[in-house]
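Student: This is what each chain is made of:
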Amino acid sequence: MAEKMELRDIEVWDGNMAASQAMRQVQIDVVAAYPITPSTPIVENYGSFLANGYVDGEFVMVESEHAAMSGCIGASAAGGRVATATSSQGFALMVETLYQASGMRLPVILNVVNRALAAPLNVNGDHSDMYLGRDSGWIQFDAYNPQNAYDLNFIAFRVAEDHEVRLPAMVHQDGFLTSHTAQGVHTLDDDTAYSFVGDFKPMNDMLDLDHPVTHGVQTEEDWHFEHKARQHHDLMTKVFPRIQAAFDAFEKLTGRKYNIVETYNTDDADAVVVCMGTAVETAVEVSNELREEGKKVGVIGIRVIRPWPYDQLLDALKGIKAIGALDRSSPNGTFGMLYNELAGTVVNGDEKKVLTNYVYGLGGRDLLKSQLREIYAELLANAEAGKPTTPLQQLIGVRGPKISFH
Amino acid sequence: MSEMKKIKNLKEFSTSADRFEGANLLCPGCAHSIIVREILNATNDDLILSASTGCLEVCTAVYPYTSWDASWIHIGFENGSTAVAGAEAMYKALKRKGRLKQPDREPKFVSFAGDGASYDIGFQWISGCFERGHNIMHVVLDNEVYANTGGQRSSSTPIGSSTTTAPAGRVSYGEKQNKKDMLAIMAAHGAPYVAQVAPNKWKDMIKKIQHGFAVEGPVFINAMSACTTEWKFLPEDTIAISDLATDSLVFPLYEIIDGTKLNITYRPKNVIPVKDYLGAQGRFKHLFKPENKHVLDEWQKRVDEKWEYLQRREEAGV
Numbered sequence: 001m002a003e004k005m006e007l008r009d010i011e012v013w014d015g016n017m018a019a020s021q022a023m024r025q026v027q028i029d030v031v032a033a034y035p036i037t038p039s040t041p042i043v044e045n046y047g048s049f050l051a052n053g054y055v056d057g058e059f060v061m062v063e064s065e066h067a068a069m070s071g072c073i074g075a076s077a078a079g080g081r082v083a084t085a086t087s088s089q090g091f092a093l094m095v096e097t098l099y100q101a102s103g104m105r106l107p108v109i110l111n112v113v114n115r116a117l118a119a120p121l122n123v124n125g126d127h128s129d130m131y132l133g134r135d136s137g138w139i140q141f142d143a144y145n146p147q148n149a150y151d152l153n154f155i156a157f158r159v160a161e162d163h164e165v166r167l168p169a170m171v172h173q174d175g176f177l178t179s180h181t182a183q184g185v186h187t188l189d190d191d192t193a194y195s196f197v198g199d200f201k202p203m204n205d206m207l208d209l210d211h212p213v214t215h216g217v218q219t220e221e222d223w224h225f226e227h228k229a230r231q232h233h234d235l236m237t238k239v240f241p242r243i244q245a246a247f248d249a250f251e252k253l254t255g256r257k258y259n260i261v262e263t264y265n266t267d268d269a270d271a272v273v274v275c276m277g278t279a280v281e282t283a284v285e286v287s288n289e290l291r292e293e294g295k296k297v298g299v300i301g302i303r304v305i306r307p308w309p310y311d312q313l314l315d316a317l318k319g320i321k322a323i324g325a326l327d328r329s330s331p332n333g334t335f336g337m338l339y340n341e342l343a344g345t346v347v348n349g350d351e352k353k354v355l356t357n358y359v360y361g362l363g364g365r366d367l368l369k370s371q372l373r374e375i376y377a378e379l380l381a382n383a384e385a386g387k388p389t390t391p392l393q394q395l396i397g398v399r400g401p402k403i404s405f406h
Numbered sequence: 001m002s003e004m005k006k007i008k009n010l011k012e013f014s015t016s017a018d019r020f021e022g023a024n025l026l027c028p029g030c031a032h033s034i035i036v037r038e039i040l041n042a043t044n045d046d047l048i049l050s051a052s053t054g055c056l057e058v059c060t061a062v063y064p065y066t067s068w069d070a071s072w073i074h075i076g077f078e079n080g081s082t083a084v085a086g087a088e089a090m091y092k093a094l095k096r097k098g099r100l101k102q103p104d105r106e107p108k109f110v111s112f113a114g115d116g117a118s119y120d121i122g123f124q125w126i127s128g129c130f131e132r133g134h135n136i137m138h139v140v141l142d143n144e145v146y147a148n149t150g151g152q153r154s155s156s157t158p159i160g161s162s163t164t165t166a167p168a169g170r171v172s173y174g175e176k177q178n179k180k181d182m183l184a185i186m187a188a189h190g191a192p193y194v195a196q197v198a199p200n201k202w203k204d205m206i207k208k209i210q211h212g213f214a215v216e217g218p219v220f221i222n223a224m225s226a227c228t229t230e231w232k233f234l235p236e237d238t239i240a241i242s243d244l245a246t247d248s249l250v251f252p253l254y255e256i257i258d259g260t261k262l263n264i265t266y267r268p269k270n271v272i273p274v275k276d277y278l279g280a281q282g283r284f285k286h287l288f289k290p291e292n293k294h295v296l297d298e299w300q301k302r303v304d305e306k307w308e309y310l311q312r313r314e315e316a317g318v
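Protein chains in written order, with our numbering: chain A, 1 to 406; chain B, 1 to 318.
Hints listed in this document are in silico derivations from the structure and should not be mistaken for laboratory results. Using N, Cα and C, we set each Cβ at its ideal position, and we do this for glycine too. A couple of the hints might just be wrong.
Cross-link-like lysine-lysine pairs, in silico, DSSO-like; alpha carbons within 27 Å at most [to be verified]:
#1 A:K201 / B:K95
#2 B:K101 / A:K4
#3 B:K176 / B:K285
#4 B:K232 / B:K179
#5 A:K201 / B:K101
#6 B:K5 / B:K101
#7 A:K4 / B:K95
#8 B:K207 / B:K5
Label pairs and their calculated CB-CB ranges [unchecked claim]:
#9 A:A2 / B:E305: 47 to 57 Å
#10 B:P103 / A:A51: 22 to 32 Å
#11 A:H163 / B:E305: 55 to 65 Å
#12 A:E63 / B:Y65: 27 to 37 Å
#13 A:L121 / B:I264: 23 to 33 Å
#14 B:G98 / A:Q183: 30 to 40 Å
#15 A:H163 / B:E131: 53 to 63 Å
#16 A:E351 / B:E131: 40 to 50 Å
#17 B:I264 / A:A229: 51 to 61 Å
#18 A:G198 / B:Q102: 43 to 53 Å
#19 A:A2 / B:K101: 20 to 30 Å
#20 A:G198 / B:E131: 32 to 42 Å
Some chain A residues flagged as far from chain B (calculated, every beta-carbon gap over 12 Å) [said to hold, decoys possible]:
#21 V12
#22 A118
#23 A119
#24 S136
#25 A229
#26 M236
#27 T237
#28 G294
#29 K318
#30 A343
#31 Q371
#32 A377
#33 Q393
#34 I396
#35 I403
All chains, please: the whole structure from these sequences, using the hints.
Tutor: See below:
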């Protein structure tokens, strides 16, 4: 039996500690993990919990991230609660197994501490790894700060393990900006945290020796499409109701309210930026300042990246005239993911909206408040003109002559 | 520990309750199915199995069918060992936490993989599992080639073999490299038990499998699996070819205990020339051209040297 840990109501934790404490509190049965910057402390913290009796599951320190997820898949299919953590190159190495986990409908939880992808090698935060995972069939939650990283882990376990869902889920946080920045985090006591997620209820578990099961079958043109269609269907229809229910229950328990799409200052806004991660908090601050100057600007934060919150965004974007999609990943030959997804979201709506794309913060470069002020000024000009007044895509904060396209 | 299954004769063995069904898509004459049945029938214990991508996997779990009457998982090409190691970790966790549904039963964890999935692409995963000491058995179905994808060379492919990626041709006798010595490598991991088996020597094989099931820790079994399709012999000759392999000492049967102590477990009464084994298979046909005689000589020399080495190791008891 794992020992309980006494926590203060507010602990000063960075995002990594917040995630590892949540992993401890839900009493995971198997963690198979491999260290990589900047998610390493999650694995180290967990090892320390184990060494001091606060965890009584198995902790398998494997030889690569691919093996980490492979071990998680085997453990999950065996029938128990499973999670791990990674970043960047490790995430990239895991990609094959990400599709395997979701295709086998195994509710593994993966904490992804976002970091750039090489080359050039870079240990700092951007969203390249997060974007790499977006077609992998996982549910993807995005944390903007350590408190979110803590809270969303509980939500992720509760939703992923629901027998109607049975899909793996990632909880993303920004490398270093969230993972290594200590803030006050409101905690749950161990019993309350565990109860919110509840006991793991196995399904098609390999360790039920009286009911042997076959996991990971072969299908070709005869059945593959049906499997993928079913998974997509469940992502599109079953996940959001359960996330919303989990958010509601969490708010009732803690008073902390989460939304599938987070909106700030959007009610009468003419222009908004849509962004993820720590950029949301910076943008909210700038938007608050601009509001004081009488400028009608707001922020939309994507809380759930997959499934893509189409309906929630349509609703949030009502009346907004100009949208700036802020992508923290190199689009490498097209528009940023958020731009493309938002274009697909608003294109059939009744309202004409001007949509532009800003690529920022690659490899951990800071997003400055002054840059956001400029972006908002451009967006307000777009709103006023009813058409783009700038190039459709601009790279923000990069050396040399201004880089923009279309 | 669980009770050891008693197997006295082949008939008794063949009537064991099958947990690997005859309904599968493997080629007629494929040794994989013989080996898998022999391993599964060696124990009455519950089994948790994995297969890496390969012939066994694609031929036995084609949705909506399965040939497996034991829990079975396939993830990918390289990670079957880690899949079953993950399941073994879950077993340990649930046992400790008192959540096993059948707490009085102790399943065995077995991973099946081809030589490509073991010697090549899955090597790191197997090495990791063995270093960590999972209580699993990894069985290589060693047909010395990527058979599932149509006969490409692997690092288990022996010298002189003609494969689709290292074919024999006007200026080439086929594979240039010699077969990787996986048993030595796995023994060097300090595994409690490492053995080479062949399905024609079924008593030897059962003994080794039961030994493997009885020890704690990772067990490595290299099972020679004669491949009618890629080795190019008639499907009804699988066991005859296997006999040639073991009697020519091309596949010597031995075991290594605790990483060091080597025992030879089969000594042919009449050792036959290696060329008799090679000549029975289409993959080596070109070696019998005059210009390739040096490869035949090289083959015999290598087999003799290996046998000499194994005997010296056995005598030395190290």
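Student: Take the hints in turn and mark each one as holding or not.
Tutor: Hint check:
1. A:K201 / B:K95: Holds, at roughly 16 Å.
2. B:K101 / A:K4: holds (26 Å)
3. B:K176 / B:K285: holds (16 Å)
4. B:K232 / B:K179: With Cα atoms ~19 Å apart, K232 of chain B and K179 of chain B stay inside 27 Å; holds.
5. A:K201 / B:K101: The given pair, whose Cα atoms are some 12 Å apart, holds under the 27 Å limit.
6. B:K5 / B:K101: Holds, at roughly 24 Å.
7. A:K4 / B:K95: holds (20 Å)
8. B:K207 / B:K5: holds (10 Å)
9. A:A2 / B:E305: 47 to 57 Å: The hint (47 to 57 Å, Cβ to Cβ) holds, given that A2 of chain A and E305 of chain B are roughly 56 Å apart.
10. B:P103 / A:A51: 22 to 32 Å: holds (27 Å)
11. A:H163 / B:E305: 55 to 65 Å: holds (60 Å)
12. A:E63 / B:Y65: 27 to 37 Å: For Y65 of chain B against E63 of chain A, whose Cβ atoms are near 34 Å apart, the range 27 to 37 Å holds.
13. A:L121 / B:I264: 23 to 33 Å: Between L121 of chain A and I264 of chain B, where Cβ atoms are some 50 Å apart, the hint is violated.
14. B:G98 / A:Q183: 30 to 40 Å: Between G98 of chain B and Q183 of chain A, where Cβ atoms are some 38 Å apart, the hint holds.
15. A:H163 / B:E131: 53 to 63 Å: violated (36 Å)
16. A:E351 / B:E131: 40 to 50 Å: violated (60 Å)
17. B:I264 / A:A229: 51 to 61 Å: The hinted range 51 to 61 Å holds for I264 of chain B and A229 of chain A, with Cβ atoms some 56 Å apart.
18. A:G198 / B:Q102: 43 to 53 Å: violated (23 Å)
19. A:A2 / B:K101: 20 to 30 Å: holds (21 Å)
20. A:G198 / B:E131: 32 to 42 Å: Hint holds: Cβ distance 36 Å, inside 32 to 42 Å.
21. V12: holds (31 Å)
22. A118: holds (20 Å)
23. A119: holds (23 Å)
24. S136: Consistent with the label, S136 of chain A stays out of reach of chain B, its closest Cβ about 14 Å off (over 12 Å).
25. A229: It holds; A229 of chain A is separated from chain B by about 14 Å at its closest Cβ, greater than 12 Å.
26. M236: The assertion about M236 of chain A holds, with a minimum of 23 Å to chain B.
27. T237: holds (23 Å)
28. G294: At roughly 58 Å from the nearest Cβ of chain B, G294 of chain A sits farther out than 12 Å, so the non-interface label holds.
29. K318: The assertion about K318 of chain A holds, with a minimum of 44 Å to chain B.
30. A343: holds (35 Å)
31. Q371: holds (43 Å)
32. A377: holds (50 Å)
33. Q393: Fine: 37 Å to the nearest Cβ keeps Q393 of chain A off the interface.
34. I396: The claim holds: I396 of chain A sits with its nearest Cβ about 39 Å from chain B, beyond 12 Å.
35. I403: holds (39 Å)
In summary, the numbered hints that this structure violates are 13, 15, 16 and 18.
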